[in-house]
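Colleague: Chains as they are written, first to last, in this note's numbering: chain A, 1 to 335; chain B, 1 to 335; chain C, 1 to 606; chain D, 1 to 606.
It is worth saying that the hints were derived from the structure and are not from the lab. One or more hints might be untrue.
[As the list claims (entries may be wrong)] Derived SDA-like pairs (lysine to any residue); straight-line CA-CA distance at most 25 Å: (1) C:Lys-582 <-> C:Gly-502; (2) C:Lys-221 <-> B:Leu-327; (3) A:Lys-297 <-> A:Thr-177; (4) B:Lys-284 <-> A:Asp-273; (5) B:Lys-317 <-> A:Leu-143; (6) C:Lys-95 <-> C:Lys-593; (7) C:Lys-582 <-> D:Ile-552; (8) C:Lys-593 <-> C:Ser-67; (9) D:Lys-272 <-> A:Ala-320; (10) C:Lys-576 <-> D:Lys-558; (11) A:Lys-43 <-> D:Lys-558; (12) A:Lys-39 <-> D:His-456; (13) C:Lys-593 <-> D:Pro-474; (14) B:Lys-250 <-> B:Val-298; (15) C:Lys-272 <-> A:Val-144; (16) D:Lys-558 <-> D:His-532; (17) D:Lys-576 <-> C:Ala-600; (18) D:Lys-525 <-> D:Glu-501; (19) A:Lys-284 <-> A:Gly-142; (20) A:Lys-180 <-> A:Phe-227; (21) A:Lys-132 <-> D:Pro-474; (22) D:Lys-155 <-> D:Gln-140; (23) A:Lys-8 <-> A:Pro-149; (24) B:Lys-325 <-> A:Pro-149; (25) A:Lys-318 <-> B:Ser-152; (26) C:Lys-593 <-> D:Glu-478; (27) C:Lys-153 <-> A:Ala-210; (28) A:Lys-325 <-> D:Asn-183; (29) B:Lys-193 <-> C:Gly-450; (30) A:Lys-140 <-> C:Lys-272; (31) C:Lys-185 <-> B:Met-323; (32) B:Lys-10 <-> C:Ala-431; (33) A:Lys-318 <-> B:Leu-143; (34) D:Lys-272 <-> B:Tyr-150; (35) C:Lys-188 <-> A:Leu-143.
Bear in mind the structure is a predicted one, so any value in this text is a computation, not a measurement.
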Amino acid sequence: MTENPTYKKKDFVSDQEVRWCPGCGDYAILSAVQLAMTKIGKKKEDIVFVSGIGCSSRFPYYMNTYGLHTIHGRAPAFASGIKSTNPNLSVWIITGDGDGLSIGGNHLIHVLRRNIDCNIILFNNEIYGLTKGQYSPTSKQGLVTKSTPYGSLDRAFTPAKLAIGAGATFFARTMDTDPKHMQETALAAEQHKGTSLIEAYQNCVIFNDAVHDLYTNRKTRDDHCVFIEHGQPLIFGKDKNKGIKLTGSKLEVVTIGENGVTEADLLVHDQTDERLAFMLAGMKGPEFPVAVGVLYKVDDVHYDEQICAQVEEVKAKKGAGDMTKLLHSGDTWEI
Amino acid sequence: MTENPTYKKKDFVSDQEVRWCPGCGDYAILSAVQLAMTKIGKKKEDIVFVSGIGCSSRFPYYMNTYGLHTIHGRAPAFASGIKSTNPNLSVWIITGDGDGLSIGGNHLIHVLRRNIDCNIILFNNEIYGLTKGQYSPTSKQGLVTKSTPYGSLDRAFTPAKLAIGAGATFFARTMDTDPKHMQETALAAEQHKGTSLIEAYQNCVIFNDAVHDLYTNRKTRDDHCVFIEHGQPLIFGKDKNKGIKLTGSKLEVVTIGENGVTEADLLVHDQTDERLAFMLAGMKGPEFPVAVGVLYKVDDVHYDEQICAQVEEVKAKKGAGDMTKLLHSGDTWEI
Amino acid sequence: MQELDSVVIRFSGDSGDGMQLTGTQFSNTSALMGNDIATFPDFPAEIRAPAGTVAGVSGFQVHIGASEINTPGDEPQVLVAMNPAALKANLQSVKKGGTVILNMDAFTENNAQKAGYDGDPLQIENLDDYLVIKANITTQTTEALKDLDLDNKSKARCKNFYALGMTYFMFNRELDPTINWINQKFGKKPILVEANTTALKAGRNFAETLEAIPNTFVVPKAKIEKGTYRTINGNTGTAWGFIQAAQVAGLDLFLGSYPITPASDILHELSKHKNFGVKTFQAEDEIAGICTAIGASYAGALALTTSSGPGIALKGEAMGLAMIYELPLVIVNVQRGGPSTGLPTKTEQSDLLQCMYGRNGESPMIVVAASRPADCFEMAYEASRLALEHMTPVVLLTDGYIANGAEPWKLPDLSKEMNKINVKKPTNDAANWLAYQRDENQVRTWAIPGMEGFEHRLGGLEKALNTGNVSYDPNNHETMCHIREEKVQKAANNIPLQEIEGEDSGDLLVVSWGGTYGATHMAVKELQKEGHKVSLMHLKYINPMPRNVEDIFKNFKKVIVAELNLGQMRQILNGKYNLGAKGYNKVQGLPFKISELVEAFKQELG
Amino acid sequence: MQELDSVVIRFSGDSGDGMQLTGTQFSNTSALMGNDIATFPDFPAEIRAPAGTVAGVSGFQVHIGASEINTPGDEPQVLVAMNPAALKANLQSVKKGGTVILNMDAFTENNAQKAGYDGDPLQIENLDDYLVIKANITTQTTEALKDLDLDNKSKARCKNFYALGMTYFMFNRELDPTINWINQKFGKKPILVEANTTALKAGRNFAETLEAIPNTFVVPKAKIEKGTYRTINGNTGTAWGFIQAAQVAGLDLFLGSYPITPASDILHELSKHKNFGVKTFQAEDEIAGICTAIGASYAGALALTTSSGPGIALKGEAMGLAMIYELPLVIVNVQRGGPSTGLPTKTEQSDLLQCMYGRNGESPMIVVAASRPADCFEMAYEASRLALEHMTPVVLLTDGYIANGAEPWKLPDLSKEMNKINVKKPTNDAANWLAYQRDENQVRTWAIPGMEGFEHRLGGLEKALNTGNVSYDPNNHETMCHIREEKVQKAANNIPLQEIEGEDSGDLLVVSWGGTYGATHMAVKELQKEGHKVSLMHLKYINPMPRNVEDIFKNFKKVIVAELNLGQMRQILNGKYNLGAKGYNKVQGLPFKISELVEAFKQELG
Ligand SMILES: Cc1ncc(C[n+]2csc(CCOP(=O)(O)OP(=O)(O)O)c2C)c(N)n1
Ligand SMILES: Cc1ncc(C[n+]2csc(CCOP(=O)(O)OP(=O)(O)O)c2C)c(N)n1
Ligand code: SF4
Ligand code: SF4
Ligand SMILES: [Mg+2]
Ligand SMILES: [Mg+2]
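The task is simple: from the sequences and hints, build the whole structure.
Modeller: Given below as C-alpha cells:
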C-alpha cells in the first residue's frame, strides 16, 4: 500500500456552490463529513459518495470525491454495484428519511441484510424537504403538513429498530448540532466492515423546524440523550446522575444516589448484543433519553468481499476462463 | 348486523382447479384457510384475498371469495387501497418469501407501519418456486440454487425480526404440517385489529424439499419448536421437560428437573412485550427451538379506521362538501 | 393616463422575497377588476438556493388584458427586480423600451458578485433602452413602518408589498382586494396586517410622488363572456374536477400518490377536501400510489394516482395491470422537464410516448390532455367519466406550466354543463353475471366486494373471453388483445368531435396538444388576421383521437405539429396517418412564445 | 428406408414425463449426425400443473433437415403423445397423413377425463387421417427393466427413453450420443445408467419388431458450411456473447438481475462462469438489478441487467438515468406474451415500443435485436460493443422463442471474427479532462473511481455542456437533448449496412425484426422460388437503423411489416419514413408459421 496523502478539509470541498437553506442542519453534517474524510486513511480518488434524491441527497455534489446523485430511493443499490465491482473503494450513501425509508426502504433493508461494506448517513429531519414539506415515514403521528392538513395518520418507523430487525451489523445515532460526535461516528462507521448505518438527527428549518429540539438543543440535550459507549454504564443528565437500569425486559430511568441506586446497578452497554441494541433503539423522550452513539456493532461476512472471493475460488478451481474452451465444451461436431 | 350464513368449507372452494405440484405445502395451507373462513364470522362477499406473484400467490384463484392476483410484490399496497376504501371487508394478503420480502419488502414494512387491519400469510419456503428455484432473502447462506451454483452469499432475513423492527402489531408463526395450528393462527390474526403477519413454514417439494424439516416433521417437531401461548411458560420437548429461561438479555434452554430448574424459573410469554417478542423471534435451531404461535400482539391505531374517521370528522366540522360552494370560495367576480 | 390593451409584468427577486405572492396579488386584483389574465410562476429548482444568486431567483410573470389573454406573454414590458440576480436573469427578455424597477438597497457589491456580476450591474448591463426606476425599496419600507412594534427584519420583509404598491399606482390598480387578502391572511396578527397594508400604501404613494414614473396606465375591462369568474391554476382545477366527477358519479374519491414536483399540489389540494368523501393516501412510493388506487377501484371508489415523469416511469407495470383488469382509474402526469430527474420545476411535453407505450405488451389506454389552467377542471372530469364509462385506466396529461399557471375561469353551472356519468354497475342478476362479459362498446361491468353472489377474482394473466378465467389459449389471447384495443378505440364515440379554429381547409394546419393551447391559438389567430390560410387543430383527446381527425388532415396542404418535445405527437400522427408532417419543437423547459410560433408557421407557409 | 429432406417431430406429455429431455436428445443426436435443426420447447405456464391435464402438457418440437432449417416447423409429421392430454393439445396441429405414437398405458378413463375428454379419446378424435401407433410404453418399459434393482416408479420414469428409442429406429438415429449423455449425467448412479440405456434400446428394438411402423426414414446430412458446430439456445448464446465482449474489452462482467421467465436462464448461465471474472448479483427487484448494474458501470465493469416485459417496465426510470449519465450498460429484454403478467412462458415481440419510449422525457437509447438462437451470441456482443464505444445504455431484444429454442451454431473463430472493442477511457491528462467533453461522435470518456485526478460527480439533473455540472439554462437543455439524440444516431456509422435478401427492388418488401427471422426468411425464399418479386429486410439494428434503410424502401412498390404484436415496428417505420406500410401481425404467444406468412405475403402481392 502506498502512503496516503495528508488531506485538509478543503481537499474535500468541491467547486460547486452549496445550496441549502440558511440554517439547514445539512451544512453541519457536510462539514463534519469533510473533516472525517481527512482521517479515514483513504485516497480521495478511492472515495465515492452516492445519494438518492432530496435536499440531503445533493450532498455528493459538494464533495470533491467521486460521486453519484442517482434517483429517488435507490442509492443503496447503486452503491452495492459499485462496491461489488471494486471493494477497495470507500463507499458512502447519503439519504433522507423519505429517500431511505419511504421509496427506498426495500433497498435499505436489503443492503443491511447483505452487509455490503459501505457507510450510510440517513439525514432524518422527519419531513420531505425538497418537495416542500410533506410528512415522511419518520414523522410523528398527527403531524400537520402540506399533504396532511388534518394531521398524519401513519405510525412512524424507528430507523434503529427497522435496521436491527433487518439484520444490520452497525447502527449509530448522531446529530447535526454535535459535529464532533458526528465526525467520530463517521470514523467508527468507516472502520466497521459491513454496512454501517448512521441516523443523523437533522433540522429542516423551513418545513419542520426544531423537531429534534429536545435532543439536539444544547440546553436540553444532556437531559434527554444518553451518549452510549461500549462497556460503559448508561449515565446521562446535566449532572451525570441519571442512568438506565434493566430489569427483565424492562428499562427504567433511575437517579444515582436515590433509592439506593449506585452506578453498579446501571445497564452496561454491550454493542455486540443485538437484543440490547433493540431495546436501546426503542427508547425515546420525554420519559426516556434517546440513545446516541454506536448502538450496535457486530462482525459478520460482507457480500462485497464474498462476491470477489467466490470469483477467485472458482478461478482457482476451474482455471481462468477460456472462451474457446467454453464454446467447444459439451457436444460439438465437424462439418 | 344481519346474521351471517353458516358456511361449510366447500363454500370457499372456487371452481378453478388447484394447480400446485403434488406434495406442495400450499395445499395444506389452502385447506386450513378455507376451514378458518367458515369461522371468522364474515360473509363470503365481504372477504377479499389479495396476492402478488409466485406459486403461493395463485391462492386467490382457489378461494370462492373476492380476490386479486396482482403483480409481483405489491399485494400490501392493493390491500391497503381496498381496506381504506371499505373497512368492512376482511382482507387477506397471500405472499411468498420472494414476493413479500424481496421485491415486496418495502410494501410489507409499510403496511405493518400503517397497521392496516388486514391479515398477511407469508408462505416461507426459502426459495423462488414459480421461477423454478432461485434463492430468496430467507434462504440460508450458502444455498446452492440455479442462480447460485457456488452457493448464495447473502445473509437471510428473519421475517419475525424484520416485522417487529418495522413496527408490526401482530406476528405469528405456523407451519403447513400442522393444519389445526394454522387454522387457529388464522383466526387469531383475523381477530386482531391491525396488520397481522403470519409466517407459514411451507415446503417446496421440488426446489427446496425438507428445508424446514427439523421444525415441521412430526418426529422432530416437538423437540425443536416451542409452541408459545400468552401467559404460559415456555415449555417444549417430546417429554415437555425442556424450557426457556431469560437472564439479562440472554436466553437459555434448560431442562426442568435438572440443576434445580423448576417451571417457575421459566420465561413466561407476554405477547404484548415487544422486546421479548424480538428475542423469541431470533431463536433458531439446532441450539434453540423456534417459537411457534403468536409471538407478538399489541393494540394500536390502524390506518384504515383512521382514514375513514378523519373523513367523518372533517364532514362534521365543515359540513358535507358542496361543490358549488367550493367553486365560489375565495375571490370571485361577475362579468 | 394611457390606455393599454394588455401589459406583461414580471416580478422577480430572491426566493425569500415573496415574489410569488406579489405576482398573485397583482393578477387577482386585475382579474377582479375585469381584466383577462394569464400567469407564469417560474420557480428556482432548489429549495432556497443561496440568497442572491441567479439560481435562487424566483419569478412571477403576469399578462393582463382588455381583450382575450391566453399566454403570460412573450416579453415583459415591466420588470420588477428586487436584486442584481433578478436583473441578470431577466433583463434580456424585457421588451426594448420597457420599464425596469430596481430595489437599489439590494444592489450592493456583495450581491452583485453573488449574481455573477464582475462590477456594478448598472454599468455592466446596457440599460439605455429601458426606463429605469431606482428606488430604495427596503429602506423606504422600514422607514414607512418605523413606528410599528416589529423587528427590522420583519419590517424589511414587507418590501414586496411596497413594490406591489408601486406597480398598483403605475397601472391604476385598486388596493382593496389586496388589503382584504392581507386582513384574511394575517387576521390573527394585527401588527402584520398593519405592516403590510402600510407598506402597500406607502409604495403606492411613493410612486405617485415619483417623477420617474412619467406615465400611468390603465388596462380596461376585458370584453369577456358574462358569468361568475375566479382565478384558478391547473393543479387546483384538476383536483376539483375529480371531486366533481366523484360527486356526479356518486362515488367516494381515492387518491393514492407520492409527492413529486410539479404534481404534489393536486395531493395537497385534495387532502383539504375530506368532507367531500375524499381519501388521500400518501404512499411509500409511486408504485404503491397506483397500486393502492387500483385496490380502491376494485373496492368501488373513483380512484386516481398523480405524479410526474420519473414517477410515471415507475407506474408502468401497474398501469398494465389496471388495463388488463379493466378497472376504472385515472393516472395524472403533470409533465416536467426530462429526461431523468431533468428540470423538475420546468415545463415540457415529453412524456407523451411514455404514457402511450411505457408498458410491456399490447397495453392500450385512453389518453387525454388539458389545454390550459382553466381547462384542467373539465379534463379531469372527462378523464374520470371515460374511465368509469369504459372501465379502463385513463391518462390525463397536464404540465408544469398549466399546473402552476393561473387564469380567470368562468365558473360552470354544475347542474347543467357537466356530462352525466354512467357507472357500469352490473344488474342484480348475479347468477348469470360474468366478470368479462361486455356491452357493444366492449365494456365490462364493475362488481365490487360486498356484493353478494358476484365474488370473482381478477389477475394479470391472460383471461378467457367473458369468464375472465386464466387462459393460455393462443387464439383467445389474440382475441383479447384485439378486444382491449377495440374497447379503447370505441371511446371515440363518447368524446366530442375535433374542432378546428379557422377554415376547414387551407395551406397549413397547425396541430398542437395539451398545455400549449394559449400560444398556438394566439399565433394562429395572428396569422389568420394577416390573411394566411392557417387553421389550428388543438388535440385534447389523444387516444383515441376524435373520429373526424383523419378527414381534417386531408383538406390542408401542409401540416405542422408544434410541441414542447422533439416530435412525439408528430411521430404518432405520421405513423398513424402517414402525413409526413413537419414539427416545430422546443425543449427548453419553457412554454412557447407566440412570436416564435408565428415565425415558424410563416416559414412553413413559405 | 425412405429419404426425407426434413421432418418435424413433436414430443408431448405431462410435465413430469421428461419430454424436454427427450426432445433435446433427439435434436442433439440429429445435429451430431449432420442435420440442420431447430427446436421449440413449449412449456406449460405453471410449475407442474395437475398431472394429466391439458394445462400440464409439456411439448418439445424439433425440425431436422438435410437442407437449411430455420424454424421448428409449422406442422409436426410425427407426434409422440404420452397421455390423452398431449393428444388433445396437439392433434389438430399434426399434418394430415402424419404418424401419432400413443402411450396406451396412459389412456385410462381417468386420464381421459382429466384431459377433458368425455369418453374414449380414440373414439372422440378423428384419427382416420393419421397412422396411429399404439404402444404400452410404460408397461413395456417396466417389463424391460424387470431385473433391475429399482422400484417400479423409477422404472416407469424411464419411459421417455423407451419412446425416444422408438423414434430413433423410425428415423435411423444413432444411439451412441444419447448413451454417452446418459453415462455422463447418471455416472454416479450406475443403476440409472443401466435403466435408461436399457429402456432406450428396448424402445428401439420394440419399434424394429413392430409391424405398425411400415417404413423407416433417413434424413441425410445437411449441406452446411464447413466448421465446428454445437447446438445452442438463445439464452446461453446471449450469456456467452457478453462474456466474450468483456474478455475482448478487458473488463470484468457484472450482471444485476432479478429472476423472471424467460430471462432467468441468462442469470443462471452467467452464474456458472465466475472464472471469467463474472459477477452475478441477484438483486431484491428489477430496479435494484439495473441500479446495481449502473453502479458497476460507474465503477468500471461491463454491466448488464436482464429481464422480461414486466421487469423492464420497472426499469424505465433507471434506464433514463443511465442514458443521461451516458454510461455503458446493456439491458436485455427477453420478450414474453403481454400485457401485464400475460403469458409468461409464451413468445411475443410486443415490448418494442416500451423499450424505445418507456421513459420520461427525451430519452433516446440504442436498441438492437437478435434474429435467432445462434445469433444471440453475436448480438449480445454487439450490444456490449455499442454500449462501450458510444457510452450509452443499449437495449438488446430477444424473445422466449429464440431464448429457449436451440439450433446448430457454427463456432466463430474468436481471434478473427469479432469486432474490436474500443473502450473510451480518458487519456491521462486529468487536469484538462471534463466529464462531458465529447468526440466527433458525441461520445464522452469513461473515468472510473480509483483514477487520481478524475474525481467527478454524475447526476440525473440536466447537465451543462462539457462540464456536466448541474444546469437549469433553457438553451443548454435544448442543446443537450439534441446532443444525446445525435449521439445515438451517430452509432449508425458503427453498425453494418442493412442487407436485403433478394433483389434490390421489386413488388413487395417484407420487413421483419428480431426473433422471427427463421420464418420470414423461409417464407420469402419460398415466394422467390415461385418467381415473386419479393425481398426481405430483416432488421437487427433498430435504433439507430442502418443508414441505407430509407433508400431501400424507395425501390419497392409495397412494404409489409410482419411482427408478433399489433404493429409496433410498423408504427415506427411509418412514423419515420411515411411508408403507409401494412402489417402482418400475430399475438398468440406463438412464433410465425412459414405457411401463414407465405399466404399473407401472397395476398399483399395481389
Ligand atoms: C421517482 C421520484 N419520486 C418522487 C420524487 C420527488 N421527491 C424528491 S425528494 C423527495 C423526498 C425527499 O425527502 P427526504 O428523503 O426526507 O430528503 P430531504 O429533502 O428531507 O433531505 C421526493 C418525494 C422524485 N424526485 N422522484
Ligand atoms: C415484476 C416481476 N418480476 C419478476 C417476476 C418473476 N417471478 C414470479 S414469482 C417470483 C418469485 C416467487 O417466489 P416466492 O414469492 O417465494 O413464491 P413461491 O413461488 O416460492 O411461492 C418471481 C421472481 C414477475 N412475475 N414479475
Ligand atoms: S428545505 Fe429543509 S432540509 Fe431542505 S435545504 Fe431547506 S432547511 Fe434543509
Ligand atoms: S414449485 Fe414448490 S412451491 Fe411451487 S407449487 Fe411446486 S412444490 Fe409448491
Ligand atoms: Mg427528510
Ligand atoms: Mg418462496
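Colleague: Work down the list of hints and note, for each, if the structure agrees.
Modeller: Now for the hints, and whether the structure bears them out:
{"no.": "1", "hint": "C:Lys-582 <-> C:Gly-502", "in the structure": "20 Å, holds"}
{"no.": "2", "hint": "C:Lys-221 <-> B:Leu-327", "in the structure": "22 Å, holds"}
{"no.": "3", "hint": "A:Lys-297 <-> A:Thr-177", "in the structure": "24 Å, holds"}
{"no.": "4", "hint": "B:Lys-284 <-> A:Asp-273", "in the structure": "17 Å, holds"}
{"no.": "5", "hint": "B:Lys-317 <-> A:Leu-143", "in the structure": "19 Å, holds"}
{"no.": "6", "hint": "C:Lys-95 <-> C:Lys-593", "in the structure": "13 Å, holds"}
{"no.": "7", "hint": "C:Lys-582 <-> D:Ile-552", "in the structure": "22 Å, holds"}
{"no.": "8", "hint": "C:Lys-593 <-> C:Ser-67", "in the structure": "18 Å, holds"}
{"no.": "9", "hint": "D:Lys-272 <-> A:Ala-320", "in the structure": "13 Å, holds"}
{"no.": "10", "hint": "C:Lys-576 <-> D:Lys-558", "in the structure": "17 Å, holds"}
{"no.": "11", "hint": "A:Lys-43 <-> D:Lys-558", "in the structure": "64 Å, violated"}
{"no.": "12", "hint": "A:Lys-39 <-> D:His-456", "in the structure": "21 Å, holds"}
{"no.": "13", "hint": "C:Lys-593 <-> D:Pro-474", "in the structure": "13 Å, holds"}
{"no.": "14", "hint": "B:Lys-250 <-> B:Val-298", "in the structure": "23 Å, holds"}
{"no.": "15", "hint": "C:Lys-272 <-> A:Val-144", "in the structure": "11 Å, holds"}
{"no.": "16", "hint": "D:Lys-558 <-> D:His-532", "in the structure": "13 Å, holds"}
{"no.": "17", "hint": "D:Lys-576 <-> C:Ala-600", "in the structure": "22 Å, holds"}
{"no.": "18", "hint": "D:Lys-525 <-> D:Glu-501", "in the structure": "8 Å, holds"}
{"no.": "19", "hint": "A:Lys-284 <-> A:Gly-142", "in the structure": "17 Å, holds"}
{"no.": "20", "hint": "A:Lys-180 <-> A:Phe-227", "in the structure": "13 Å, holds"}
{"no.": "21", "hint": "A:Lys-132 <-> D:Pro-474", "in the structure": "24 Å, holds"}
{"no.": "22", "hint": "D:Lys-155 <-> D:Gln-140", "in the structure": "10 Å, holds"}
{"no.": "23", "hint": "A:Lys-8 <-> A:Pro-149", "in the structure": "47 Å, violated"}
{"no.": "24", "hint": "B:Lys-325 <-> A:Pro-149", "in the structure": "20 Å, holds"}
{"no.": "25", "hint": "A:Lys-318 <-> B:Ser-152", "in the structure": "19 Å, holds"}
{"no.": "26", "hint": "C:Lys-593 <-> D:Glu-478", "in the structure": "15 Å, holds"}
{"no.": "27", "hint": "C:Lys-153 <-> A:Ala-210", "in the structure": "21 Å, holds"}
{"no.": "28", "hint": "A:Lys-325 <-> D:Asn-183", "in the structure": "22 Å, holds"}
{"no.": "29", "hint": "B:Lys-193 <-> C:Gly-450", "in the structure": "20 Å, holds"}
{"no.": "30", "hint": "A:Lys-140 <-> C:Lys-272", "in the structure": "20 Å, holds"}
{"no.": "31", "hint": "C:Lys-185 <-> B:Met-323", "in the structure": "23 Å, holds"}
{"no.": "32", "hint": "B:Lys-10 <-> C:Ala-431", "in the structure": "18 Å, holds"}
{"no.": "33", "hint": "A:Lys-318 <-> B:Leu-143", "in the structure": "20 Å, holds"}
{"no.": "34", "hint": "D:Lys-272 <-> B:Tyr-150", "in the structure": "8 Å, holds"}
{"no.": "35", "hint": "C:Lys-188 <-> A:Leu-143", "in the structure": "22 Å, holds"}
Figure legend: structure checked against the earlier numbered hints; hints not met, in rising order: 11 and 23.
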